[in-house]
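For reference, the chains in residue letters:
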Amino acid sequence: MSPLATVPLIVAIPVAFFVVLGATLTLIGALGFARLTSFYDRLHAPTLATSWGTGATIIASALMFSFIDGRVILHEFVIGFCIVLTTPVTLMMLGRAALMRDRTEGSDALPEDMRRRRDPAADTPAGD
Amino acid sequence: MSRLFPHPVLSVALVFLWLMLTRFSLGYLILGTVLSLVAGWAYSALHSAKPRIRRWSAIPRLIGTLFLDIIRSNVAVTRLLLTEGRSGRQSAFIRVPLQITSGNSLAVLAIILTATPGTAWVEYETETGVLTLHIFDAAETDHYHDVIRNTYEPMLMEIFE
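These protein sequences, in sequence, are chains A and B.
Residue numbering for the first sequence follows the UniProt record's numbering, starting at 1 and increasing by one per position.
Residue numbering for the second sequence follows the UniProt record's numbering, starting at 1 and increasing by one per position.
The shape of chain B in the complex, shown without the other chains (with noise of 0.2 angstroms):
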């Protein structure tokens, strides 16, 4: 079965995808199945490690916190860019050591960070754990920080770890 459905999510959610993307019909839906078997087959050769999601419902609060701030950080950094150059901002690099370590959690978080204006992902040593990020506003170091570690890590802890 596992041999099958190596990655049933992704085959699942590639089925919707294209269903989707189609009028809904039993040819389209056969043709999405056989489609989406085969992208189970081509990821599981690409790449082993088979995502193992602990707690689902964990995931509709990570997406709720991502959205409210997408919207906090598009404002700030609109606010910012109209004002470049009047307003003395300056942007900085921060250190965060983090305690998350699965490549799948790393993966969603460096989504997350590029998603909301005004973080940057710039390095990640493996050896030590330490995120380098470059942010926007310096004078947001604090917050991210404390978003971070408080707010994102424990949910994806949650969910992967």
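One chain only, chain A, in its complex shape (with noise of 0.2 angstroms):
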């Protein structure tokens, strides 16, 4: 408990801030991720968590440890840097397998015009 009574309410007030909202978000994309029915909806909900949700921590985090060690701390960035990049990877590969297996089943979750994937030969593309 020591290192943490020195920060002063300026800088508590601001990592808390910070801590909530990283918090709230990705307990709201959870929620999202479990309350959703259709499956390309849900690959929406788990991204307030890995934007915002992680961001408003890793500020927090680098705020308060870069005040109690006196110096700027910035590791917590190279965390958000690798989520950033490598959540596209998980998630596209989602999409796209969910695409796979519902263009194979004729699933009614896909709009008509998406069952089959297109002909390159006969598709004029249009401005949609």
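Please keep in mind that the hints were generated in silico from the structure rather than gathered at the bench.
One or more hints might be untrue.
Covered stretches of chain A (in silico footprint by chain B; criterion: 3 or more residues with CB under 8 angstroms from a CB of chain B, positions within the stretch not fixed) [as the list claims (entries may be wrong)]:
no.: 1; stretch: 32-41
no.: 2; stretch: 50-56
no.: 3; stretch: 89-100
no.: 4; stretch: 107-115
So, partial list: chain B residues that the calculated Cβ filter (under 10 angstroms) puts toward chain A [as the list claims (entries may be wrong)]:
no.: 5; residue: Met20
no.: 6; residue: Leu21
no.: 7; residue: Ser73
no.: 8; residue: Leu80
no.: 9; residue: Arg95
no.: 10; residue: Thr114
no.: 11; residue: Trp121
no.: 12; residue: His134
If you want the ones that stay clear, here's a sample from chain A, every Cβ over 12 angstroms from chain B, calculated [as the list claims (entries may be wrong)]:
no.: 13; residue: Pro3
no.: 14; residue: Thr6
no.: 15; residue: Val7
no.: 16; residue: Val11
no.: 17; residue: Ile13
no.: 18; residue: Ala16
no.: 19; residue: Phe17
no.: 20; residue: Val19
no.: 21; residue: Gly29
no.: 22; residue: Pro46
no.: 23; residue: Ser61
no.: 24; residue: Phe67
no.: 25; residue: Thr104
All C-beta atoms, glycine included, are put in the ideal place defined by N, C-alpha and C.
Combine the two chains into a complex, taking the hints into account.
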């Protein structure tokens, strides 16, 4: 407890704000993940946790430990950087796997024009 | 020189990363440099196409725009999740024809769209250059068309192509 007791209010308030913000966003993302019904909708909820959920926690941690150690600590931003870089890989893989499964099964989760991969020769790329 | 440092930007970034995770000292600097050189060789063996960054000055602008966009869409998705079931929200698939074709700019666009809550990358067709996205709120279809085509694409083209 002793290093924490030395933190003045002016640092503690923003730290607390960012911790609560990050935790709340992560919680909302997790609740959304549990409550949403379609797979594609569910891809969106966890991105709250991987964007500002992580971001706010990182900012709070960097502020707090920079103050306690008396030097600028940026380790946390490496974590954020790695999360930002690696999340798309997982989400794209899940999204594409779901698409492939739904196409194979002819699922009605997909709109009519997406049930088959378009034939590039017959396709005219119009403005949607 | 380019045999020894096939990916100078990657190697320098890795040295910085290494020094950030450890405490700065000569030993760690040497160790980090050796590791980053090995990583550079490994990367060039796996992926020989070298990313060419033409305009560094556009990168801070891209990061700034992305930062604001992430805040905006965090607020939007949080609100939608909290009112889920009452707001009549519908999700949708949208198709966006892209002009960018290089693997690097597509990869960065994928990171941008995934980091921004509310959009998920579903499919990109190489033959037609059409990107299929799943968006959480169908009411924002026009907004995403506009943002991708008029904000991110020109910036990515400026940086990479």
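A quick look at each hint next to the structure:
1. Evaluation of the coverage hint for the stretch 32-41 of chain A: fulfilled, as 6 residues show C-beta separations to chain B shorter than 8 angstroms, against a requirement of three.
2. For the stretch 50-56 of chain A, the assignment as covered by chain B holds, since 4 residues bring a beta-carbon within under 8 angstroms of that chain's beta-carbons and 3 suffice.
3. For a cut-off of 8 angstroms, the count of residues in the stretch 89-100 of chain A with a CB near a CB of chain B stands at 5, and the three-residue condition holds.
4. Counting residues of the stretch 107-115 of chain A whose C-beta lies closer than 8 angstroms to any C-beta of chain B gives 3; at least three are required, and the coverage claim holds.
5. Annotation: methionine 20 of chain B was flagged as interfacial toward chain A, and the flag holds, the nearest CB pair being 6 angstroms apart, inside 10 angstroms.
6. With 10 angstroms as the threshold, the beta carbon of leucine 21 of chain B comes within range of chain A, its nearest partner Cβ sitting at about 6 angstroms, so the hint holds.
7. Annotation: serine 73 of chain B was flagged as interfacial toward chain A, and the flag holds, the nearest CB pair being 8 angstroms apart, inside 10 angstroms.
8. Hint status for leucine 80 of chain B: holds, given a least beta-carbon distance of 9 angstroms to chain A, under 10 angstroms.
9. Satisfaction of the interface hint for arginine 95 of chain B is found here, the shortest Cβ-Cβ separation to chain A being roughly 5 angstroms, below the 10 angstroms cut-off.
10. The restraint placing threonine 114 of chain B at the interface with chain A holds, with a minimum CB-CB distance near 4 angstroms, inside the 10 angstroms limit.
11. Taking 10 angstroms as the C-beta contact cut-off toward chain A, the hint placing tryptophan 121 of chain B at the interface holds, the least distance being around 5 angstroms.
12. Checking histidine 134 of chain B against chain A by beta carbon gives a least distance of about 5 angstroms; that is within 10 angstroms, so the hint holds.
13. In this structure proline 3 of chain A is separated from chain B by more than 12 angstroms, as the shortest Cβ-Cβ distance comes to about 19 angstroms.
14. Listed as a non-interface residue, threonine 6 of chain A keeps its Cβ farther than 12 angstroms from every Cβ of chain B; the least gap is roughly 22 angstroms.
15. For valine 7 of chain A, the non-interface assignment is confirmed: its Cβ lies about 23 angstroms from the closest Cβ of chain B, beyond the 12 angstroms cut-off.
16. Look at valine 11 of chain A: its CB is around 22 angstroms from the nearest CB on chain B, clear of 12 angstroms, so calling it non-interface holds up.
17. Consistency note on isoleucine 13 of chain A: stated as away from chain B, and its beta-carbon is indeed over 12 angstroms from all of that chain's, at 20 angstroms minimum.
18. Listed as outside the interface, alanine 16 of chain A is consistent with that label: its C-beta sits roughly 19 angstroms from the nearest C-beta of chain B, beyond the 12 angstroms cut-off.
19. Its beta-carbon lying about 15 angstroms from the closest one in chain B, phenylalanine 17 of chain A satisfies the requirement of being farther than 12 angstroms from that chain.
20. The beta carbon of valine 19 of chain A sits about 16 angstroms from the closest Cβ of chain B, which is more than 12 angstroms, so the claim that it is off the interface holds.
21. For glycine 29 of chain A, the non-interface assignment is contradicted: its Cβ lies about 8 angstroms from the closest Cβ of chain B, within the 12 angstroms cut-off.
22. Separation of proline 46 of chain A from chain B is inadequate, the least Cβ-Cβ distance of about 9 angstroms not exceeding the 12 angstroms criterion.
23. Separation of serine 61 of chain A from chain B is adequate, the least Cβ-Cβ distance of about 14 angstroms exceeding the 12 angstroms criterion.
24. Look at phenylalanine 67 of chain A: its CB is around 18 angstroms from the nearest CB on chain B, clear of 12 angstroms, so calling it non-interface holds up.
25. Look at threonine 104 of chain A: its CB is around 14 angstroms from the nearest CB on chain B, clear of 12 angstroms, so calling it non-interface holds up.
Comparing the model with each numbered hint stated earlier shows that hints 21 and 22 do not hold.
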